[in-house]
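Novice: Take a look at the letters that make up each chain.
There are 2 protein chains.
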Amino acid sequence: MHSFAALSKIFEEKFATRHFPEHTKTLYDPAQYILGIGGKRIRPVCVLLANELFDDITPDAYYAAAAIELFHNFSLIHDDIMDKAPVRRGMATVHTKYGESTALLAGDVMLVKAYEYLNKVDAAHLHKVLQLFNTTAAEVCEGQQLDMDFEHRETVSLEEYLEMIALKTSVLVAASMKMGAILGGAGEGSQNHLYEMGKNLGIAFQVQDDYLDAFGDPEKFGKQVGGDILANKKTFLLIQALQTASAEDKKVLQQLLQSNPANKVQEVLHIFKRCKVDEWATQLQEQYYQKAMQHLEDTPVVSARKQPLKELADYLMTRQS
Amino acid sequence: MHSFAALSKIFEEKFATRHFPEHTKTLYDPAQYILGIGGKRIRPVCVLLANELFDDITPDAYYAAAAIELFHNFSLIHDDIMDKAPVRRGMATVHTKYGESTALLAGDVMLVKAYEYLNKVDAAHLHKVLQLFNTTAAEVCEGQQLDMDFEHRETVSLEEYLEMIALKTSVLVAASMKMGAILGGAGEGSQNHLYEMGKNLGIAFQVQDDYLDAFGDPEKFGKQVGGDILANKKTFLLIQALQTASAEDKKVLQQLLQSNPANKVQEVLHIFKRCKVDEWATQLQEQYYQKAMQHLEDTPVVSARKQPLKELADYLMTRQS
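Those protein sequences? They're chains A and B, same order as listed. Every letter in the first sequence is one number past the one before it in numbering that gives the first Met the number 0, and letter 47, counting from 1, is 46. Every letter in the second sequence is one number past the one before it in numbering that gives the first Met the number 0, and letter 279, counting from 1, is 278.
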């Protein structure tokens, strides 16, 4: 059995190869580029961790893990085009470096490559793995569309935001875990516990993401603290603040959303603090974390095998960036 | 057994349904939109025709046919974004109607939907069908990238253009035929003959496309005759003309490529005629058509069953639009 850290290292080393042919370079070099600029590889490692929960890791789990990481990077390339984002992981985004058309195509071919990896999975599991992957892939697209739709709306309820976040980010973590379980020969019950564990962990992860963007330690966060506030991004914090702020704070907050004063981040953070959305977010994250842990607890596997998945969850919950 | 016309009608009727969920409408309505604005459905009908060559049509062939048509429309949506094309089949393109970001996502989710249809295919054929589909999908992306690369190049050889066209358009026709054969239980030899038939037919189709754009009957063509010439598009005709024109015609042609005089189409057509690229193209098309027919001839199936595929080939070769 491997620790979370050991598995992360093993995957990183296996994945650090060229995944595409040399010809056509103008298409495949951009696709390879984004794979080379880092990333935490959380999702593929989830496949491996969930797989090893049930038995030794099967070679199929590596194929599924690679497919998941390729899918994730496909969605990043296309999201960055839609968001007109110039930088990702401190490097130029694919469309900035190679142009939008090529980035679009490089994303497309990366999605196809993900299916090539899935098609290496043993025939006994292929249909089920594909079904899960297809459903999840469509959901991620739905989540991204909802996210764009919300940008044009004045108000978004917490419930709507949760649905969007679940689709856009959590279902892929959930599916990664479930895929590992399927390939590990786990029963339906265990597969579903792993799915729910991943889904709740994914939401906790996103709450943490929103929290760090506002309250993170600037020296450790790695990005500009307050970026979401400056972009008027609807986050867990903003949605909760708009719902719980005093009438006066709410009015100021709405004015701040429609302007860009020099002290905008500071002012919004003051209101966030007055509404105690920082404490609220910490509690919310804890709730989802506990739900995730309960699903792991309820998975009928001896406790000792669950340790690496607990390490992953702890890592995600205590990260500073 | 069905005629080509009968199978086209059957597919059109089966395919005329909503392929996507209601929620999220803002994502799925745009995807559904392009499926509703027509198209010849050549590729899915190729799946069915090739399938029925060997036995009664299997239900799996309809799933594969739907997957192929969805893939084709996915590639059209994304190509139209890259080409900034405002109109397709006389209607607004998806990105013109719904915005680029939504069109990008609608294309993505349509590709995923294609894989959902493929995953309905019987387990005995799933791996092989997926492998063919994945290879083909990647090749179509490569073809589109080469096409974009060629736009920025002064000269493109006939050989390079042929490679690009084969990837961008022919391999999908070829794969459609081969997929039908696989699902019909055909042997490897027959599968490959059908693939080569489709590939050669696809190239003949593209030669015809280039020819009609320059020399088509304006009343029957449906698009503006000379569109490729006005866009300085590298076509079979232009590449051949640049290689075979007299020194003087070549000079004039290159000047015309760098300017947009009112009589540009007329002038270029004069040069085309003087180089006899119209006759050359007709012969080239005939060569590829004959190659395609030879592969059909060499497929070890009784002659009577081949009639519908011959009808398809005749239809493609004699079309006026």
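Worth flagging that the hints you see were computed from the coordinates, not collected in a lab. On a predicted model such as this, the values are computed, not experimentally measured, just so you know. Incorrect hints may have been included.
It does not matter which identical chain is meant; a pair holds if it fits inside one copy or across any two.
Stated by the list, open to error - Calculated lysine-lysine pairs in the DSSO-like style (CA-CA distance at most 30 angstroms, straight line): (1) Lys272 with Lys119; (2) Lys263 with Lys24; (3) Lys232 with Lys24; (4) Lys96 with Lys250; (5) Lys83 with Lys96; (6) Lys24 with Lys127; (7) Lys219 with Lys309; (8) Lys96 with Lys232; (9) Lys8 with Lys263; (10) Lys83 with Lys290.
Novice: Hint by hint, say whether it matches the structure.
Specialist: Do the hints match the structure? See the list:
Taking the shortest alpha-carbon separations for Lys272 and Lys119, neither the intra-copy value of 51 angstroms nor the inter-copy value of 53 angstroms comes in at or below 30 angstroms. With identical chains, the CA atoms of Lys263 and Lys24 are never at most 30 angstroms apart, being 45 angstroms at best within one copy and 35 angstroms at best between copies. Taking the shortest alpha-carbon separations for Lys232 and Lys24, only the inter-copy value of 23 angstroms comes in at or below 30 angstroms, while the best intra-copy value is 37 angstroms. Within a single copy, Lys96 and Lys250 get their C-alpha atoms no closer than 42 angstroms, and across copies no closer than 36 angstroms, so neither meets the 30 angstroms cut-off.
In the homo-oligomer, the alpha carbons of Lys83 and Lys96 lie at most 30 angstroms apart both inside one protomer (12 angstroms) and across protomers (20 angstroms), since each shortest distance falls under that limit. For the homomeric pair Lys24 and Lys127, the shortest alpha-carbon distance between copies (27 angstroms) is at most 30 angstroms, but the shortest distance inside one copy (34 angstroms) is not. Proximity of Lys219 and Lys309 under a CA criterion of 30 angstroms is satisfied intra-copy only: 23 angstroms inside one chain copy versus 68 angstroms between copies. With identical chains, the CA atoms of Lys96 and Lys232 are at most 30 angstroms apart both within one copy (26 angstroms) and between copies (26 angstroms).
In this homomeric assembly, Lys8 and Lys263 never come within 30 angstroms of each other (Cα to Cα): the closest approach is 41 angstroms inside a single copy and 62 angstroms across copies. Taking the shortest Cα distances, Lys83 and Lys290 never come within 30 angstroms of each other, neither inside one copy (35 angstroms) nor across copies (47 angstroms).
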